[in-house]
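Chains A and B, in that order, give the protein sequences.
Just so we're aligned, residue 63 is where the first sequence starts under the working numbering, counting upward by one.
Just so we're aligned, residue 63 is where the second sequence starts under the working numbering, counting upward by one.
Calculated from the structure, these hints are not laboratory results.
Be a bit skeptical, because a hint or two may be false.
Because identical chains cannot be distinguished in the list, a pair is counted as satisfied if it fits within a single copy or across any two copies.
Unchecked claim - DSS-like, lysine-lysine: derived pairs with alpha carbons at most 30 Å apart: (1) K217 / K204; (2) K313 / K135; (3) K73 / K217; (4) K313 / K206; (5) K217 / K75; (6) K177 / K313.
Number of protein chains: 2
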Amino acid sequence: MNREQLVGLIKRKRSFLCVGLDSEIDKIPTHLLGEEDPVFEFNLQIINATIDYAVAYKPNLAFYESRGLDGMKSLHRTMDYLANFSEQCFSIADAKRGDIGNTSTQYARAVFDSKASGFNFDAITVAPYMGEDSVSPFLMFKNKWVVLLALTSNKGAFDFQLTEDAGGERLFAKVLRTSQNWGTPENIMYVVGATRAEMLAEVREIVPDHFLLVPGVGAQGGSLSEVARYGMNNDCGLLVNASRSIIFASKNDDFATMAGSEALTIQLEMENLLSEKGIT
Amino acid sequence: MNREQLVGLIKRKRSFLCVGLDSEIDKIPTHLLGEEDPVFEFNLQIINATIDYAVAYKPNLAFYESRGLDGMKSLHRTMDYLANFSEQCFSIADAKRGDIGNTSTQYARAVFDSKASGFNFDAITVAPYMGEDSVSPFLMFKNKWVVLLALTSNKGAFDFQLTEDAGGERLFAKVLRTSQNWGTPENIMYVVGATRAEMLAEVREIVPDHFLLVPGVGAQGGSLSEVARYGMNNDCGLLVNASRSIIFASKNDDFATMAGSEALTIQLEMENLLSEKGIT
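So that you can see chain A by itself, here it is in the shape it has in the complex (with noise of 0.2 Å):
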């Protein structure tokens, strides 16, 4: 998916809520485990009910990839589904990879090239630390995206993102700064969390016009009125994600409709906040 057709699906669901599909085996309502594929089966309610809410989605990938085969089962199950609504919604491998270059290649092939590894992605999630030549094959595929950690949503984002280097930069501003020169607002986002949302402003000095993934409203405290404040430019530029507060939100047989729920609770604001900017 590009940048307008993003951009366009915005507008039209007067949205930019990313749900992530953290779909933990131990955390899914019980009813659920008879199933052949509970998670699958988890996954596709879920995405049955706030499909009408929701722009993207997000399955974090260690939350398949500890069950290991069978786990990477559903994830493939769930994205195969989620193609038949492929013009509806952007999808995002939140899988923070990063290598040299020609296993990044790798990487990307196995997120992006359908043929290659049965996966057909929008977007990834990468790791900056080691450098533009771990990030750049990802930017070869058309229409796909990098999504490249700039200032993570955790205690640990003050390890070093922080880290003011000689010049009185900090290191998630160079990350920012330097990554910019690596592709383009058509194929690179930055994942800012919200956690940090006054940290926002400063991020859209250095990259006004790409795309945040926000991370962190919801279970994580974060405000979406003080993210969409600080960090929305002319095209919302915004997806901000939520995960157990709505894929969680019930551990009955009410999750799918309690999920749908709490996605139109938050689309609503969205939709005002989109209004305030005037983004129609």
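For this one, chain A is given, so just place chain B on it according to the hints.
Coordinates of chain B only, in the frame set by chain A:
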């Protein structure tokens, strides 16, 4: 495998060679392509040919993930086969993972918890960008190791890893210094590229006791004697990886013989280096 066992292995085999099983299907000998699982068959023959000369094996997961479920099956078969030699070699999942705490726990289960995922690796490579809480979940597993990226062997290492902070400390050095408090030399190793062997001296000043995983010898051009000169400690403290120079030493029927011969050549050089250091 714990540190004492690893050091014992190095002394017994007179080797600190790690064989990188970067078994790209497009590069394996064509006569194997008729096998049910060509990559597994390739790995099996490589392991058989090198097991006397190598103390560790390191599949890079990218080369398996790029083939989807088929690739993951090849990796499972490979690791199941390698389990026959569990007393004779250390195993590293070269995955370069790292995510927020509860997600890193899932990644740890994906490689360490055989009941959950089917994999029982001894170690995993982890990227440090997200800080302590992205690394520490891996350290909760007994006799399992994190191999943390410090200074990598690719060009992109210059983008951020060598950035000096306000106090004159470079990022890779800060990673080494800071992360020492997250674990011990019994459960943390570091990746330090051989293409900058002279920097191993600087690394050793910060982490005198830790094992270092050194890629970049062979195809990437690093020198083994330089690595030993600057990087070896009294427990050896080195695992030197070679991938393509061994596994793709020949593309013909004799690939396994040639891989064994290449591994033996390196082992003999390592034996000399261990003797010179008085490690017996």
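Against the structure, the hints come out as follows:
Only between protomers do K217 and K204 lie at most 30 Å apart by alpha-carbon distance; the minimum there is 24 Å, versus 35 Å within a single protomer. Taking identical chains as interchangeable, the C-alpha atoms of K313 and K135 lie at most 30 Å apart only when both belong to the same chain, with a minimum of 23 Å there against 33 Å between chains. For the homomeric pair K73 and K217, neither the shortest alpha-carbon distance inside one copy (34 Å) nor that between copies (41 Å) is at most 30 Å. For a Cα distance limit of 30 Å, the shortest separation of K313 from K206 qualifies neither inside one copy, at 35 Å, nor across copies, at 34 Å.
Taking the shortest Cα distances, K217 and K75 never come within 30 Å of each other, neither inside one copy (33 Å) nor across copies (42 Å). With identical chains, the CA atoms of K177 and K313 are at most 30 Å apart between copies only, with a shortest distance of 25 Å across copies and 37 Å within one.
Hints 3, 4 and 5 from the earlier list are contradicted by this structure; the remaining hints agree with it.
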